[in-house]
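Asker: Here's the letter readout for the chains.
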Amino acid sequence: MDAITTDNLTKRFGNLTAVDGLTLSVAPGELFGLVGSDGAGKTTTMRMLTGIMDPTEGSARVMGRHTVREAEPLKEEIGYMSQRFGLYPDLTVLENLHFYADIYGLPRRGRDEKIGLLLSFSNLTPFGKRLAGNLSGGMKQKLGLACALIHTPKVLFLDEPTNGVDPVSRRDFWRILYQLLREGVTVFVATAYLDEADRCNRVGLIHRGKLLACDTPDNLRGLMDGTILEVRTPDPRRAALLLRERLEGESVGIFGDRLHVVTRDAEETGRAIKAIMEGAGVTVQSIRPVEPSLEDVLVSVLSGEATR
Amino acid sequence: MLERLRCMLVKEIIQALRDPRMRFILFIIPAVQTVIFGYAVNTDVRNVKTAVYDQDNTPESRDLAARFQRSGYFLITERIGRESRVRELMDRGEVKAILRINRGFGAELGGGRTAPLQIILDGTDSNTAGIVLNYASRITARFNDELRGTQLPRSRGARVFAGGVQLQSRAWFNENLESSNYYVPAVIANIVLIITMLLSSMAVVREKEIGTMEQMIVTPISRSEFILGKTIPFVLIGFIDVAVITAVSKFWFQVPIRGSLLLLFGATALFLMSTLGFGLFISTISTTQQQAMMSSFFFIFPAMLLSGFAFPIENMPRVIQYFTYLNPLRYYLVIIRGIFLKGVGADILWPQMAGLLVLGSVILGFAVKRFRKTLA
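Just so you know, the protein sequences line up as chains X and U, in that order.
So the first sequence is numbered by our numbering: it starts at 1 and just counts up by one.
So the second sequence is numbered by our numbering: it starts at 1 and just counts up by one.
A few of these clues could be false.
What the hints assert, rightly or not - Covered stretches of chain U, going by a simulated chain X footprint (3 or more residues, C-beta under 8 Å):
#, segment
1, 12-20
2, 204-215
Stated by the list, open to error - For the chain X half of the interface with chain U, some residues (derived, Cβ under 7 Å), not all of them:
#, residue
3, 52
4, 82
5, 88
6, 127
7, 267
8, 268
Hints are computed from structural coordinates only; laboratory data are not their basis.
C-beta: ideal position from N, C-alpha, C; glycine also.
Assemble the whole structure, with the sequences as input and the hints as a guide.
Answerer: Structure representation (structure tokens):
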């Protein structure tokens, strides 16, 4: 049995279709990433899967439980961390944990051990008496995770858990997630960071409510037609405009101070790029083929979507 | 169920009492407000600043003016010598009343004829003017009585006119007609209304606003546990405030408590059903605490004005009088004043208590029903 299955899951708000006919399944023990830009429908999908929102059409089951009809028993099985910090800022770290332990009806026996474990797990032990509102962004997220894990859920839903979290805390956070996966927990994580999506077993690319592709990160990279040329130049903006105009049929994207050009014939295009840019007086520092990142895939899939 | 409710209550109470400003608002402000209301909301009219324009200046006219002064209601601040000063004093608001005695006042009375006495009042504050007029009539009536008693026997040589009506007034429940007795207990109603309704609506909306609501929905806590957990702390706070204000009324203002305190708390419980019902309802239509606060005040002000707290309901237009039947404050005020001043019990107050019960059940039921939608 799959941990999560959705069938034509759809949510409309008036004229806006936030999630459009989403059909996917997640195996038990899998780390699944839902990847998309802001407003793609990630949070709405999460809310429907956790029983916070009812779908307009279609249905979803989590651990075999229908998210609308069996919402109450479902809640015992899942943990959820919302995008915004969802704990009480005027309660201390320990009070928050004890509160959630009470809400989930955790037996008294073993409760302190469980809380102690979660605190050390998330490196929060020294901050037990601090008000949750006074924690740093990364610590808040770890406390949120600890509270979502207090009842040992079978499926964990995380909505952009590392948004606005410093790199060190992000690494901590992922270390905890890998630990959970070893314990057999299914993790469903929504993220806008593609480097994080790369850590997932499988990734669903969502754009404007539609699932564009759903596969392992490696297979998604295989979706790319051709290879990627990385072009370094001091003036990427001007170069991009120039190349988009002159290079026919190739997609050009800006990645920081570099350009990524997708092409079928790397050598031929490489020469063409050099010629165009030098002809226009734009310095070329280097041109070399690189491994496509998920970001390239997303850009490529999206541009394919746009021309279709 | 009970375990979850208990932890919800513990959490709410910790949150409510952790903030020192909140502790101040909950328990100190009610006592301070009671004291302020007790002194400031006072419709007693005493020491009305009065000028006397005595053009006659005879023993009779001076006697009459002295009687006004002695009554304690009037404080004669100036004796006027010229006509133009009358207008000047009134325009500047230096006096509220002017007594004007025409030339020949003493002579007319001495001749057994009726002599006019004019009192000019500042009518901008119509209530006070009415009360002052009433005092003036009483003083002149007494002056007349005594005049008859002394003059008639002297002029006719015999008691010809001895009969007549003498009004003997007794004000039950508030013998000295002190307005603090009337207003101070009623402050309970206003404070309990504001504190419980405003704070309960804001407490629920706060969970929505800071995002904790979303987290609560994915836990197995039920709707009833959540609602009870959110409202019971305010029931407790409401009771504590009633106790605080009652103590201040009794020991500071010596307002009598003639009825049963148990009944007072029972009626308070019924009243809280309405205030918490409204609070919960407002929380279902608001998404920010600011909206909740604005909506609450939108309800609180008409509720206070149309409750009979300061303005008698009987004086309101009939349509508005019917409207006041929807106002829980109206019933609660009758109950509070009945218990404090009249010492009556449930046998007399049951219609008001039934009114609160019906109103409270309807509002609370409606709010709880609506509450589901925001959780779904």
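Asker: Each hint: holds or not?
Answerer: Hints, one by one, checked against the model:
no. : hint    : result
1   : 12-20   : holds (count 4)
2   : 204-215 : holds (count 5)
3   : 52      : holds (5 Å)
4   : 82      : holds (5 Å)
5   : 88      : holds (6 Å)
6   : 127     : violated (17 Å)
7   : 267     : violated (53 Å)
8   : 268     : violated (53 Å)
Taken one by one, the earlier hints fail for this structure at numbers 6, 7, 8, listed in ascending order.
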